[in-house]
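First to last, the protein sequences are chains F and Z.
Just so you know, we're using this note's numbering here: the first sequence kicks off at 25 and counts up by one.
Just so you know, we're using this note's numbering here: the second sequence kicks off at 13 and counts up by one.
Think of the hints as simulated: they come from the structure by calculation, not from any bench.
Glycine included, every Cβ here is placed at the ideal spot set by N, Cα and C.
Here are the in silico distance ranges between beta carbons for each label pair: (1) Z:30 - F:612: 53 to 63 Å; (2) F:687 - Z:110: 47 to 57 Å; (3) Z:200 - F:392: 34 to 44 Å; (4) Z:154 - F:578: 43 to 53 Å; (5) Z:91 - F:612: 38 to 48 Å; (6) F:613 - Z:275: 51 to 61 Å; (7) Z:178 - F:533: 53 to 63 Å; (8) Z:154 - F:533: 32 to 42 Å; (9) Z:241 - F:471: 18 to 28 Å; (10) F:613 - Z:91: 38 to 48 Å.
Here are the simulated DSSO-like cross-link-like pairs (lysine-lysine), alpha carbons at most 27 Å apart as the crow flies: (11) Z:196 - F:255; (12) Z:271 - F:385; (13) F:408 - Z:230; (14) Z:279 - F:385; (15) Z:308 - F:43; (16) Z:318 - Z:365.
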Amino acid sequence: MQLSPQWIREFVAIPADDKRLAEDLTAAGIAVESINGSGENAVFEMEIGTNRPDAMNHYGVAREASAIYDVALKPIDAKLPDARGNADFAIEIAEPDLCPRFTARVLRSIRIKPSPERVARRLGLLDQRPINNAVDATNYTLWEMGKPTHAFDLDLLEGGKIVVRRAQEGETLKTLDGIERNLTPEDLVVADARRPVALAGIMGGFDTMITEKTRNILIESAWWDPATIRKGSRRYGLHTDASHRFERGADFESTVLSCDRVAELILESGGGELQGGVIDVVAKRLDLAPIALRVSEVHRILGASLDAREIYRILSKLGFDVMPERGGDADFTVRIPSWRLDVEREIDLIEEIARLYGYDKFANTLPAFAGAVIERPDAQRDAKLRSSLLGLGYNEAVSLTFISHEDAEQFSDSPVIELANPISEEASIMRTSMVPGMLNMLAYNLNRGIDNVRLFEAGQVFQAVDRGASELRQISLGATGSATPPSWNQPSRPISFFDLKGDVENLLRAFECNALCYDAHTSECYHPGRSARAVMDGVCVAQFGQIHPDVAAKRKLRQDVFIGEFYLDRLYQHGLRSVRYEALPRYPAVERDFSFIFSDSVIFEKIQQAVGALGLRELRSFVPVEIFRGGNVPAGKYSILLRATFQSGERTLREDEVADWSAKIVKALNTLGGSQRA
Amino acid sequence: MAYTVPKLKDFSPTALDKASEKLAAALAKEAAEVQTESDWKSFRDRWMARKNGVLTLVNDLWLKAAPKENKRDIGQRVNQIKQQVEQTVDNRLAHVQGAASASRLSAERLDVTLPGNRRPLGAEHPVIKTMNEIVSVFRNLGYSIAEGPVIETDYYNFEALNFPPNHPARDTQDTLFVATQESKPLRDRLLLRTHTSPVQIRTMEKMKPPLRIVVPGKVHRNDPLDASHSPMFHQIEGLAVDTNITLGDLKGTLDHAMKALFGSSVKTSFRPSFFPFTEPSAELLVSCFICGGSGKRDLEPCRPCKQTGWIEILGCGMVDPNVFEFVKGNGYDPRKISGFAFGMGVDRLAILKYGVDDIQLFFQGDVRFLEQFV
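Let the hints inform the model, and build the full structure from the sequences given.
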């Protein structure tokens, strides 16, 4: 919104230049964002809060300046000639709650022509296109004192009356912008005896507007119910200077003055005469209740010892009627000026006092606090996973939370949360999986020639439940390219499933559990032979592996891509492993290697279980050292070198007992169908 | 002529001194000739071998042959000689090995200016990092972390924060709404929270005053993604409620936090603003930490502060009594308690802090960008 400082100065003698004025207004909450031009062409670019319609005009800002600089504010008055005869025009208000006041004046024998230079120049300065002297008079008044008004061609109003009513089903109105609108009973209209002639408080009608042919004019200055105007304005997508002010609350007591001011301006330039006095129909009074103000409450909230005289001065300058009270709870009774509909409570007055006094004048203090910091239950687990992921070389990423319908279908079975007004079709669903976002980020890198990428993202997925929404926390991993960074002295090797699994194992190792196993029952977006689920105490806490070649092809991923998902809601059922020191072994360990050939159907887990079932107390580890397929190993079989490590905490092991355990292991592996190689 | 251990006839101290000196001189001379490890081995064997080593011979020819009355004196001398020999042999070994390793080390020399094999470290995301930094400043002031859902109801996002239905202030929020909610009462309709402020209400419903919380989290607005807008971003909300919290406390707390975040030399300024859920409301400005408040940087206009020397950091204010009315039953009687709240956009702060010129970089996962923050 733009205002002219020169116009503001018409109402108040400001002892500061424009730059200083802009700063002082801003410090008092009437924000001047910038100053364009200089001298009499200077324009303030204003940012006025939605709660301050009273300051969205020159007089309102002048009032603020009078309070800031403690100088007098000149009243606006309209000098009107003597009227002839009676106005003889009826105003009927059928909706007193929605239109408590309607004020009008009748002007006769007006010459419609361009506005005088002074008016046209001022409107031009504010980027308002001058139209003609009558329309400009209403505009000028709006920018001068903030009250929207409307001028009708009186001769085009039928039946000699105005009715404020709801529209009837089937009625139409062509608004000033030339658009024919189908009205509904939700709309509040200004009608003549026959039809609607204006969308109340929003926009006038095309058929009754002022034209060059207009001779006689009806000026309207009404007060409209803010909620009604707001709904109407939204319904028609019509946001006008008038609706902007009415929906925030106009000045109830300014209808007569604004009506007179418009009349004065039209008569000044267009000649003609005033017919009759002002027609002021008050269907319902809008009374603002006085507010009791306690100095102690001012101090309780602001924390400074503002004295009562300063409080009195500030409020009085802003137009509040401040009456000291003797005895009783309150120190003052404050009557609210009609333009301050936003001030309803004591706290509203306290804000007025604070902003005019100056926020920066209040001393900075730090409050004492007796409470304690309460840890988020997940804080430690979150921190552990995050620091491990960073240590493992995954970059922390954040992606947008929206996905497309198509991705939602492909990556999850969850019922979706769909947006009513999405940014785009591709972003119309709240993500049900973190995988599409991760794939997009990997693709983004690959498409820019960056081949080695490791990312993780901690976030939430969303799904519809009953009539609400649930949010589940997850971490996704993405990895593609070399397992180690390219180097001049060691060959690079592409990331494999087992690199990813190693990372997953490292991350899960932090959690307490009885049993952790891995199986291949992953969801469809994964490569069926190169992906796994991590199952902790019977519950799947993670899925990971190579992305399905079809998915990769569809997204044009030009190299193998690995993805992992951690389901934190399930994983966090487990606490972090609590560490207890274990005495270091004092006796030497003994290693024994076993070379076996197994059928492919014997997976390592079976070997592990078979050996585990022997219950050898001194067997400290049993790991694969080498696996080989092809060569002289028959198809469908594989050769594996296994290494057992034996150790006792109590003594040095004897050769014969190690031989005995080894024999048991060989027997167990034979039972599995393995044949020992020489 | 190599040294041989003489047989002694005269065991007088003078004769013994003389014999010892000869032996010592021979030891020194032969030691000096030891250059390689094999030299050293012969040297060691000649002097220390059990059979026919010099020490053995000294023992046999001097100590054993000595008359009884001289044994004590000779014994001491032989011990000294033994120590001397052992020490010399040890010293020569160190010398020989040092010499050998000098040449070996030279052969093993590397070009240390070649790049190392770097195991990559993951980088913290600049927005999350900034968020954690801010949270930790408030943690140190006694604030707990609170959280709430991203998909909120109209009640928590608007109504209980004193945005009545049909209030124009709702328009400023550019809300993304969840589809098919029309059949529900307005307050139950779902939307994507437009700020982290709903967690104020959720926390006050659960916990009685006094209260100090910060709420980091994601928020959404209906703003298409471009260089300066994003439909998703991050906020941190703060709330302090107690029996006598004042505007001065709000100012003091935030002044402290800004100095902790941007350096002790920054200045703060508060100017009036409007938010439905605070009153009085304020905007906090910090003296530009990029140009130091001068508005200029190397004579060029400072862009982050638009040459004003000040940067808007956050919105804040005293909690509006209407907000407390919604949780009054849980100990939040606005006549007895008061509080302040603040909320800041983390992404914007990260943009300012790191000089990032395009907010989209935060959400693309481009490792060339992310790795800069390692």
